[in-house]
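Undergrad: Below are the chains, spelled out letter by letter.
There are 2 protein chains.
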Amino acid sequence: MDQWQPLTVPVQANPVGNVEERRLAAPGLAISTVIFALKPSETSGRPTLWLPLVRRIREPFKGQWALPGGPLRHDESLPEAASRNLLDTTGLAPRYLEQLYAFGGLHRSPAQRVVSIVYWALVQPEEAELPGEEENVRWFRADKVTDLAFDHQEIVDYALWRLRNKMEYASIAFHFLGEYFTLAQLREVYEAVLDKPLDPANFRRHVTNAVGIEPSDRYLQGGKHRPPRLYRYTGPAPSSTPRTAPNTARNPS
Amino acid sequence: MDQWQPLTVPVQANPVGNVEERRLAAPGLAISTVIFALKPSETSGRPTLWLPLVRRIREPFKGQWALPGGPLRHDESLPEAASRNLLDTTGLAPRYLEQLYAFGGLHRSPAQRVVSIVYWALVQPEEAELPGEEENVRWFRADKVTDLAFDHQEIVDYALWRLRNKMEYASIAFHFLGEYFTLAQLREVYEAVLDKPLDPANFRRHVTNAVGIEPSDRYLQGGKHRPPRLYRYTGPAPSSTPRTAPNTARNPS
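Chains C and V supply the protein sequences, listed in that same order.
If you're matching positions, the first sequence starts at 1 in UniProt numbering and goes up one per residue.
If you're matching positions, the second sequence starts at 1 in UniProt numbering and goes up one per residue.
Calculated directly from the structure, the hints in this document are not laboratory data.
Hints may contain errors.
Stated by the list, open to error - Here are some chain V residues the structure puts well away from chain C; computed CB gaps all over 10 Å: (1) Arg95; (2) Asp199; (3) Pro200; (4) Glu214.
Unchecked claim - Partner residues are not named here, just some residues of chain C that face chain V (Cβ under 8 Å, in silico): (5) Leu72; (6) Tyr101; (7) Arg113.
Since this is a predicted model, take the numbers as computed values, not measurements.
Ideal placement from N, C-alpha and C gives every residue a C-beta, glycine not left out.
One chain only, chain C, in its complex shape (with noise of 0.2 Å):
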């Protein structure tokens, strides 16, 4: 019975090696953070998906598009590196971080192998403003991104496909809107995830049955029309996020 301890490997900030030393190297950690908000689309002005990516300024992929993300420091925590890395490199501070996936495959990075623990967010508008928009940070469409980084592609495919399979629960709403919202600012979330119009009708029908909202006793103010009424988010479906995760910020020991 193979029972292994964990080899001590000291940190060396300017590393010598062979290519055969490289390739039996220690795996390297990154956390990574995808980040998706609504914003309005381009051309027809209506909410879609978009998410921050940061130019790489160095090889490999120099110049490539990437999504936010660094080291895990001795001091941090998994959660807390996702957010110090997301700040650093865009200026965000979502207000929850969700752990995504590990994606570790052999060949992610051409130096060394890397394994990157992915931490996604849904963020709401006011959460979603970089402090001054520069060249090498910029929000994509997160529909149409290409030619990124590594396997940032695969990564940004699997938060979309999370995303959409997340779409049952009403809590997306509530990540993306707040708590308070009207039945067409919910329906315009669920047809930016999903990329397709839906009928007004049947939807209303759907939601006020399936997922967990229920009307409050206030309307939007500030339109044109008979004021809409706003509705609350109830509680998370059974599927969302634990209450109970682990805090990994904890000594678990």
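With the hints as your guide, set chain V onto chain C.
TA: Quick look at chain V alone, frame taken from chain C:
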């Protein structure tokens, strides 16, 4: 903007270093597995949830029980490492392992920080036979394990929580029972996972309406009474295991 390249960290088989160097070392990476199977309760004989554990034969946590696990080798994908470590430590070879979660708290292991990517599987009885149960590898009642090494109790609790949340999908029965099952067998799975008795008539009404199963034209053979009809699982629910889950064995770049 802090763009980051992973450090190349050569493996040292016999590391030397003082406390400070160990503290600042790059995090180690481990792959562990949680395997759930239904086995008869020691007392009632009814199906209950069990999982295999491995007794640690060295420090830290020498003598305590731990999840099967081990290192990620340079030439294997994450799921390959999960399968190989599980086979090495227990002899078990589930057909399918799914990624559960990455645990990366700061103090999971006393010597060096370790991030564990945990895989899990639900296995059928013929996959759950330890090839010669020995002193240091044994099945335990999932709801009765205590005093596990590292943060493995937290990992088991999280896996149980995820499992209970998956109960809305009939695929759970498929994983535990195989393609064909009676409604009584299905109810026993639910009772084992939820750890409470269920009313047979209510259960029948619920599952035939709400979950993805359908009656087959087969009947269970070998009983004394009128043979009960076998049901089939008809397809994955939207939130179950992705068909398009990233295949970390492929080269994603």
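Undergrad: Regarding the hint that Leu72(C) lies at the interface with chain V, is the smallest CB-CB distance below 8 Å?
TA: Since the shortest Cβ distance to chain V is 6 Å, the answer is holds.
Undergrad: Under 8 Å is the threshold here; is the Cβ of Tyr101(C) close enough to any Cβ of chain V for the hint to stand?
TA: Result: holds, 6 Å to nearest chain V Cβ.
Undergrad: Verify this label for me: Glu214(V) is non-interface relative to chain C, using a Cβ-Cβ cutoff of 10 Å.
TA: It holds; Glu214(V) is separated from chain C by about 21 Å at its closest Cβ, greater than 10 Å.
Undergrad: Once the shortest beta carbon distance from Arg113(C) to chain V is found, is it less than 8 Å?
TA: holds (6 Å)
Undergrad: Is Asp199(V) truly not at the interface, in the sense that its beta carbon sits beyond 10 Å from all beta carbons of chain C?
TA: Holds, since 20 Å exceeds 10 Å.
Undergrad: Since Arg95(V) was said not to touch the interface, does its Cβ keep a gap of more than 10 Å from each Cβ of chain C?
TA: Its Cβ never comes within 10 Å of chain C, the nearest being 20 Å, so this holds.
Undergrad: Just want to verify: Pro200(V) was marked as not at the interface with chain C; is every Cβ pair farther apart than 10 Å?
TA: At roughly 23 Å from the nearest Cβ of chain C, Pro200(V) sits farther out than 10 Å, so the non-interface label holds.
Comparing the model with each earlier hint shows no violations; every hint is respected.
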